[in-house]
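Student: Mind docking chain B on chain A? Use the hints.
Same order as they appear, the protein sequences are chains A and B. Sequential numbering from 0 applies to the first sequence in numbering that gives the first Met the number 0. Sequential numbering from 0 applies to the second sequence in numbering that gives the first Met the number 0.
Hints are computed from structural coordinates only; laboratory data are not their basis. Careful: at least some of the hints might be erroneous.
To be verified - Listed next, the in silico EDC-like pairs over lysine to aspartate or glutamate satisfying Cα-Cα at most 16 Å (straight line): (1) A:K100 - A:E25; (2) A:K279 - A:D78; (3) B:K333 - B:E407; (4) B:K244 - A:D149; (5) B:K266 - A:D146; (6) B:K266 - A:D149; (7) B:K244 - A:D146; (8) B:K333 - B:D502; (9) B:K189 - B:D227; (10) A:K100 - A:D75; (11) B:K532 - B:E453; (12) B:K295 - B:D260.
Stated by the list, open to error - Among chain A residues calculated to face chain B with C-beta under 8 Å, some are: (13) A143; (14) W147; (15) A150; (16) S157; (17) M159; (18) D188; (19) A189; (20) I205; (21) P219; (22) G260.
What the hints assert, rightly or not - Restraint-style ranges between C-beta atoms, simulated for each label pair: (23) B:R205 - A:D149: 34 to 42 Å; (24) A:R196 - B:F158: 33 to 41 Å; (25) B:G332 - A:L284: 41 to 49 Å; (26) A:L284 - B:R257: 54 to 62 Å; (27) B:D297 - A:D149: 21 to 29 Å; (28) B:G356 - A:Y6: 54 to 62 Å; (29) A:E220 - B:A36: 52 to 60 Å.
Beta carbons: idealized from backbone N, C-alpha and C, even for Gly.
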Amino acid sequence: MKVWHSYRLRLQRRRWRIRAFRKRRELRAVADRSATIRPDDLLVFSTARNEGVRLPWFLNYYRDMGVNHFLIVDNDSTDGSRDYLAAQPDVSLWHTTASYKRARFGVDWLNWLQMRHGHGHWCLVVDPDELFLYPFCDTRPLRALTDWLDASSIRSFSAMLLDMYPKGRIDAQPYAAGQDPLEIACWFDAGNYAISRNPRYGNLWIQGGPRARVFFRNEPERAPALNKIPLVRWDRRFAYVSSTHMLLPRGLNLVYDEWGGEKASGVLLHTKFLDTFGHKAEEELARRQHYGGSKEYIAYAEGIRDNPELWCSWSEKYINWRQLEILGLMSKGNWA
Amino acid sequence: MSVGIIMLVHTALDRAEQVARHWTRAGCPVVIHVDSAVPTPVVAAFRAALADVPTILFSRRHRCEWGSWGLVAASQDAGTLMLATFTDVQHVYLSSGSCMPLRPVEELVAYLADRPRTDFIESATTSEVPWTVGGLDAERFTLRFPFSWRRNRFLFDRFVALQRAVGYRRPIPEGLTPHMGSQWWCLTRKTLSSILHDPRRAVHDRYFRSVWIPDESYFQTLARLYSDTIESRSLTLSKFDFQGKPHIFYDDHLQLLRRSDCFVARKIWPHADRLYEAFLGDGAGQGARAEPNPGKIDRIFARAVERRTRGRPGLYMQSRFPNWSWENGVTAGKYSVFQGFGDLFQDFGDWLARATGAQVHGHLFARDRAEFADGQSVVSGALSDSASLRDANPRAFLTNLIWNTRGERQCFALGPRDNVWINWHIARDPNAQVSVISGAWAVPLFKSDRGFPELRREAAALQKIEARMLDELRAPDVKARIRIWTMAEFIEAPMEPLQLIIDEIGPRQPRRLAEAPRMEDLTGFGQFLQNLKNQGMHPYLMGDFPVDPPPRHGQRPAKRPYLVKKSG
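Just chain A, same shape as in the assembly (with noise of 0.2 Å):
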């Protein structure tokens, strides 16, 4: 039965990188800069739509982490981005007019461009309203975490998807470009996570956080989920199954302790609920483009009409990643 089930999941992930490969045709690349990736530079992978007014300081953030070199799949923005990433020196760009939903939420065309680029490369795939945080990482730079990860045998690393919001109304603080979104955005909910194990494929699954207290009260189980497993030694053998929640072969998904110990994690800002999320919300919408039917952004249309807030007097405010260590979202492991 388990040699069985492994077999499957063999099987399972070859059409993962099949599909991946016939992707590929998808991407026109506008700007391939990888030709300067050398051997041992860090790469970030993401895709994006619109995140125009994001970019500079997810470049920036990312740039002063030490990551070396970003490739990035435009997903037909219209707003300008495509112009200002090719213009970036350490960026490769690769544009699409296909349908995200039917590349499986951008899985298929990162998955391809990983598997060409990233084999023996640290991977973080991220997308730009994300934030990586990991321990000591106010002191050490990214290259820090992945040598002492090669050191230690692991090949995959966790951070959990922390859901971080403005007090007040989501619209009220209008977002700059090139500002730190921690500047509106820095409140979380700090411990109402619920944490449940995939027997299939091993990994966590973990839903919670103001997504869940607020647009998904009544219908926990659709919460979006939280769990990701980001940066990864790769191999083009690898192959993402969902998002970044969960990869192949199974073993990358085992970043979590069995036996009471903790392990090294970090965590990943998610700050998603800024001033351009209602207006995000209702393209979304109508484009139907996301995960299960976009039923997220249905239900956040429709929360967020109605209560426009998801501050509360429990709310956290951030101060820095030894704060979230304390409160037991990451952990240092044993690294020190």
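Tutor: Okay, now just chain B, sitting in the frame of chain A:
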């Protein structure tokens, strides 16, 4: 008189060059061994870069795979070269490319000059130390290890198992007592040359060649044969984590390393620019002549290992999700669960809060919502009172609540009207204090004025649920602190159990309870139960209630039938 430094190098050659120059600037000759896996052009460039320093030599190259003989062979060759070339060297210090001197080299030289006959080498017999990772301690000296542990784990394990199965043991050469310890040593010229020029060296080498991890035992064992004075400790500060790999030092460890007063530390991350600048720069590290004192660093790394192996009790998160019964603390703190108290007493919650100072919630697992203290809809950690969110994962709800309120005792009510799925999770949690007055659920029914058939139906349902709950609490493997009274038992003398529970919750008030919670008026309760019985529904969980209330200690004496009243 000086100290000779042997450096074993395989990566980050630029840093190695920097450290080697630092040693020689202070007058210490250096012999460098470069791993034979490093490409020849790289080595050539490295040698060329250091060609201007006459006191830096390069020894014959070996392949230094982890735990292999190559490391010992490299140390031997480098040591031989050192002793032969630099005749004024009194101590030889074995270090690696990622080691870094933390104190001025002159201090190390002076320290060793004061102890000319002392060998600093960690050396302990295998039977007395529990260090080994992987479980092979004495056996590493008596089995053979032809397969690499790193590259060929499967064959390594199988071959060990095979040798164990057939009872294979190879003899240890005469005169040797196996010792082991950190591979980073500092030996006197006398001891090192005795080891290297031992007439039986060929025998020793042949033997140690197939010992597992010989670099941790070759010099450690042989030094015992020749040394006058062994200080069994390493002068190199080197901490190991639970997998036996060294901890790495980064820029943010600067102050820690400064205060440690250790001579040399490893491993330093090659990109830790601030550390290299601080310790290898000019006039670096002006310290007093203190003995090495790595206490604080020890504690930090010990805590890291503890966190990795045991974790924080009661925490469930993305990188800690323990298997069943491996939680090391099902919840993060102690809490109390009360069943039936709120039914029997009118103001139990308020009274409990006054008596203990704890946070007292209502029925957290009530059907419609979680009844948080003070009627809040959200509590610590932004935990919501939504019943559907809670019931999607009741266990996470409870562990989250207890984790979020660490440091403040939580009390809540549970009863057969609630979502009782959580009951047996509580029962197996050593942090839980569960107090039950069985059958008290009948009091609200007795007080209500609903139709009797409806009450009867509900009573039957509640009794069934509570009976199951009590079974769970009485299971053989429960870990909670559990007390169960029948209602009849409890109202006989309510203060005693209450005092017991309060005392256990906390020593806030070591004195006797001044006030008791107000009990519901139970006049007619016995008759109510009798009515249920008459309808064929036997309530038994509350114990035996007589139909008429029992006379209370002479308060209302029954009429004395034979007393004749004096008529006025």
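Student: All hints, please: hold or fail.
Tutor: Hints, one by one, checked against the model:
Only pairs whose Cα atoms come within 16 Å are accepted, and K100 of chain A paired with E25 of chain A is accepted, the gap being roughly 13 Å. A hinted pair counts as satisfied when its Cα atoms are at most 16 Å apart, and K279 of chain A with D78 of chain A qualifies at roughly 13 Å. Under the criterion of a C-alpha separation no larger than 16 Å, the hint pairing K333 of chain B with E407 of chain B is consistent with the structure, at around 9 Å. With a C-alpha separation of about 12 Å, the suggested pairing of K244 of chain B with D149 of chain A holds against the 16 Å cut-off.
Taken as a hint, the K266 of chain B and D146 of chain A pair is honoured in the structure, with Cα atoms around 13 Å apart against an allowance of 16 Å. As the CA atoms of K266 of chain B and D149 of chain A are separated by approximately 15 Å, the hinted pair is consistent with the 16 Å bound. The straight-line distance between the Cα atoms of K244 of chain B and D146 of chain A is roughly 13 Å, inside the 16 Å bound, and the hint therefore holds. With a C-alpha separation of about 14 Å, the suggested pair K333 of chain B and D502 of chain B falls inside the 16 Å cut-off, and the hint holds.
Between the alpha carbons of K189 of chain B and D227 of chain B the distance comes to roughly 10 Å, so the proposed pair stays at or under 16 Å and holds. Simply put, K100 of chain A and D75 of chain A have alpha-carbon atoms about 13 Å apart, close enough for the 16 Å limit, and the pair holds. The straight-line distance between the Cα atoms of K532 of chain B and E453 of chain B is roughly 15 Å, inside the 16 Å bound, and the hint therefore holds. Among the hinted pairs, K295 of chain B with D260 of chain B is consistent with the structure: their alpha-carbon atoms are about 11 Å apart, no more than 16 Å.
Interface hint status for A143 of chain A: upheld, as the beta-carbon distance to the closest one in chain B is roughly 6 Å, under 8 Å. The beta carbon of W147 of chain A comes within 6 Å of a beta carbon in chain B, closer than 8 Å, and the hint placing it at the interface holds. The interface hint given for A150 of chain A is met, as the beta carbon of that residue sits about 6 Å from the closest beta carbon of chain B, less than 8 Å. Contact between S157 of chain A and chain B, as hinted, is supported at the beta carbon level, the nearest pair being about 5 Å apart and thus within 8 Å.
For the restraint placing M159 of chain A at the interface with chain B, the shortest Cβ-Cβ distance is roughly 4 Å, inside the 8 Å limit, so the hint holds. This hint holds: D188 of chain A has a C-beta 4 Å from the nearest C-beta of chain B, less than the 8 Å allowed. Satisfaction of the interface hint for A189 of chain A is found here, the shortest Cβ-Cβ separation to chain B being roughly 5 Å, below the 8 Å cut-off. Hint status for I205 of chain A relative to chain B: holds, with the closest Cβ pair at about 6 Å, below 8 Å.
Interface hint status for P219 of chain A: upheld, as the beta-carbon distance to the closest one in chain B is roughly 4 Å, under 8 Å. For G260 of chain A, the interface hint holds, since its Cβ comes within 8 Å of a Cβ in chain B; the closest pair sits about 5 Å apart. As the Cβ distance of R205 of chain B to D149 of chain A is approximately 35 Å, the hint placing it in 34 to 42 Å holds. For R196 of chain A and F158 of chain B, the Cβ-Cβ distance of about 36 Å falls inside the hinted range of 33 to 41 Å, so the restraint holds.
Roughly 44 Å separates the CB atoms of G332 of chain B and L284 of chain A, a value that falls within the hinted 41 to 49 Å. The given range of 54 to 62 Å is respected by L284 of chain A and R257 of chain B, whose C-beta atoms sit roughly 58 Å from each other. Checked against the hint of 21 to 29 Å, the pair D297 of chain B and D149 of chain A passes, with Cβ atoms roughly 25 Å apart. Take G356 of chain B and Y6 of chain A: their Cβ atoms lie about 59 Å apart, and the range 54 to 62 Å holds.
Take E220 of chain A and A36 of chain B: their Cβ atoms lie about 53 Å apart, and the range 52 to 60 Å holds.
The structure fails none of the hints (numbered hints given earlier).
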